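A.B. asks: Given next are the chains, with one letter for each unit.
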Amino acid sequence: MANEEVLRLENISKSFGGVKALNNVSLSLAKKKIVGLIGPNGAGKSTLFNVVTSFYKPDQGRVFLEGRCITGVTPYKICRKGIGRTFQLVKTFTSMTAYENVVVGALYGHKLRGKDAQKSAMEALELVDLADKKDVVTSHMTLSDRRLLEVARALASMPIVVLLDEPMAGLNPTEIVKMLQIINRAREERDMGILWVEHKVDAVFHLCDHVAVLDYGVKIAEDTPENVAHDTKVIEAYLGKEAVKR
Amino acid sequence: MSKQPFLSGKKGVLGVILLIIFLSALPIVLEAEESYFIYFLYISFIYITVAQGWNLVAGYAGQVSLGQHAFFGIGAYVTAMSWDAGLTGYLDPVAMFSSGAIAALLAVIIGLPLLGKLRDDYFALGTLGFAEILRVVFIQGKDITGGPIGIMLPSGRYAGMTPYYYISLGIAVLTLVCIWFLIRSRFGLGFVAIREDEQAAEANGIPLLRSKILAFSIGAFFTGLCGSLTAYYSFHIHPGGVFTLTWGLLPLLMTILGGIGTFWGPVIGAVLLAGVFELANMWMPELHTLISGLFIVLVTMFMPNGVVSLVKGGDGPPFLYRIGPFRSLFGQSNTGRVSDGAYENGAENTIQR
Ligand SMILES: Nc1ncnc2c1ncn2[C@@H]1O[C@H](COP(=O)(O)OP(=O)(O)O)[C@@H](O)[C@H]1O
Ligand SMILES: [Mg+2]
Chain A
1 MANEEVLRLE
11 NISKSFGGVK
21 ALNNVSLSLA
31 KKKIVGLIGP
41 NGAGKSTLFN
51 VVTSFYKPDQ
61 GRVFLEGRCI
71 TGVTPYKICR
81 KGIGRTFQLV
91 KTFTSMTAYE
101 NVVVGALYGH
111 KLRGKDAQKS
121 AMEALELVDL
131 ADKKDVVTSH
141 MTLSDRRLLE
151 VARALASMPI
161 VVLLDEPMAG
171 LNPTEIVKML
181 QIINRAREER
191 DMGILWVEHK
201 VDAVFHLCDH
211 VAVLDYGVKI
221 AEDTPENVAH
231 DTKVIEAYLG
241 KEAVKR
Chain B
1 MSKQPFLSGK
11 KGVLGVILLI
21 IFLSALPIVL
31 EAEESYFIYF
41 LYISFIYITV
51 AQGWNLVAGY
61 AGQVSLGQHA
71 FFGIGAYVTA
81 MSWDAGLTGY
91 LDPVAMFSSG
101 AIAALLAVII
111 GLPLLGKLRD
121 DYFALGTLGF
131 AEILRVVFIQ
141 GKDITGGPIG
151 IMLPSGRYAG
161 MTPYYYISLG
171 IAVLTLVCIW
181 FLIRSRFGLG
191 FVAIREDEQA
201 AEANGIPLLR
211 SKILAFSIGA
221 FFTGLCGSLT
231 AYYSFHIHPG
241 GVFTLTWGLL
251 PLLMTILGGI
261 GTFWGPVIGA
271 VLLAGVFELA
281 NMWMPELHTL
291 ISGLFIVLVT
301 MFMPNGVVSL
311 VKGGDGPPFL
321 YRIGPFRSLF
331 GQSNTGRVSD
341 GAYENGAENT
351 IQR
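Respectively, the protein sequence lines represent chains A and B.
Counted from 1, the first sequence has number 77 at position 77 by my numbering; the numbering is strictly sequential.
Counted from 1, the second sequence has number 72 at position 72 by my numbering; the numbering is strictly sequential.
The set of hints was computed from the structure by calculation and includes no laboratory data.
As the structure is a computational prediction, the values presented were derived from the model and not from experiment.
Errors might be hidden in some of the hints.
As the list claims (entries may be wrong) - Calculated pairs, EDC-like style, for lysine to aspartate or glutamate (alpha carbon to alpha carbon, straight line, at most 16 Å):
| hint | chain 1 | residue 1 | chain 2 | residue 2 |
| --- | --- | --- | --- | --- |
| 1 | A | Lys200 | A | Glu189 |
| 2 | A | Lys91 | B | Glu198 |
| 3 | A | Lys31 | A | Asp132 |
| 4 | A | Lys91 | A | Glu166 |
| 5 | A | Lys91 | B | Glu286 |
| 6 | A | Lys178 | A | Glu126 |
| 7 | A | Lys77 | B | Glu198 |
| 8 | A | Lys20 | A | Asp215 |
| 9 | A | Lys178 | A | Asp191 |
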């Protein structure tokens, strides 16, 4: 039970013209775990998310959710099967209120109806501390609140796996601490695995059980945060060869 | 700060019911056969319906169709051809329903490739092209469609203005009631989600194509009903008359003028523009188009969110009624963090998409 695998990626490759955005990437995620996915800009992190959620079709490789292959299933069905996600550039429904945004996840992502959908949406809003802002129209919310709202919307669809694409991007230090608390709370309260892409490396290292490092579409390392931080290949990828010599 | 939207709550419902009773009594009071006003309301009800049909697909679901005249024309032809063939009769409800249903079916068939493959401007052009092709097909249809001359119907059956008035009122009320409930249901919420962000909608479990086709075909159904009634009214159906781009552009103009993506916008816009058309036509027939055009330009310049924005002192949100099935049905009060202008972006997006 302790290591119940929920998501497995097998040998995923994806090219755009000449660019190999993903090269034979494999990855595994277990329930109640957080796997951090880091790597320089353009390493292929968002592309990996888009492959998992079927926005892109991989050239090669397969995606398994709880042991069942879901490669090629349309994106809306991927969500209904249990993969929720957020976007690097926030994508909330701007003319809707916070509650309306989140109830979309409950109604469509998990096919809940009536009171059940309402309950699921409110629980998700409470989990991210946005319950008191439920009637605020999204276009009037701060970036930080909209990022939290995206998390809530994903949670309302009762996911088994949540993919967070740079949830800290553009947030100030206070907001980052808040987001860290929320991600941790989500892990504790929900039976799911979290795959978390982040540029703010110290933030991910703080919470995650494992870190995978992508560089030019290749997974160059995967280990505990401590070991990854001292991995020469990783330091090279981030800071260049010079840094390793010193 | 409470933001009770216009015409909502128990009072609003009562007001709407009283208005319908008043409109129903008008032909008795006004001498329907003589009254120009009755004709004006008849044509306004048709405009309201066609505009609201377009508003559903373009204003709520964000898919700008420029081919609504295809559905209007198909509705008219189904009615005319089935009557001509002796399958249905005069002012026959079966014919009218079939006209709407076939228009809706056509929307499904054409929506699969157009909504499935095309986006934004390309979808708009696709619908326009489709409607033009349909017009040519009906011109070239020889004996089946009556060619460019079309179909003559037995005008001796004309039963006076009163039935037309009531049927058009019925269609408009039916349309408004259906769309009222639709936009408050999860379907309406899905439409708006798609309009705001397709990727996010899809990532949250909304079937894109199915939802878009639903909005497109419901709009087509009501537009087809109007085409059907128009066939009964004019007794002469020809491609240049019912497949004219006018029926594709009027709902767009009226809805944008009144307030796109709002419930009352198309209603207000349709009545207003019908009024301007008729008045300009009466007073200065030679300047009719010029005056109507000037009016449209001025309204869009000074009220970019449509006339409906006047109702709440100009700061009303584009959804007069907040959508969402689980808020109280008649517009809960809104947390008052609405600043001026913030919605203009939303309205612009809707049009651009
Ligand atoms: N839709 C696309 N079309 C073409 N190239 C793309 C597309 N999406 C991503 N890429 C390319 O793939 C590489 C990886 O991009 P991305 O996954 O966004 O990186 P990351 O999220 O790690 O910063 C980049 O070189 C990017 O330019
Ligand atoms: Mg990225």
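A.B. asks: Run through the hints listed earlier and report the numbers of any the structure violates, in increasing order.
C.D. replies: Going through the list in order, the structure violates hints 1, 3, 5 and 9 and respects the others.
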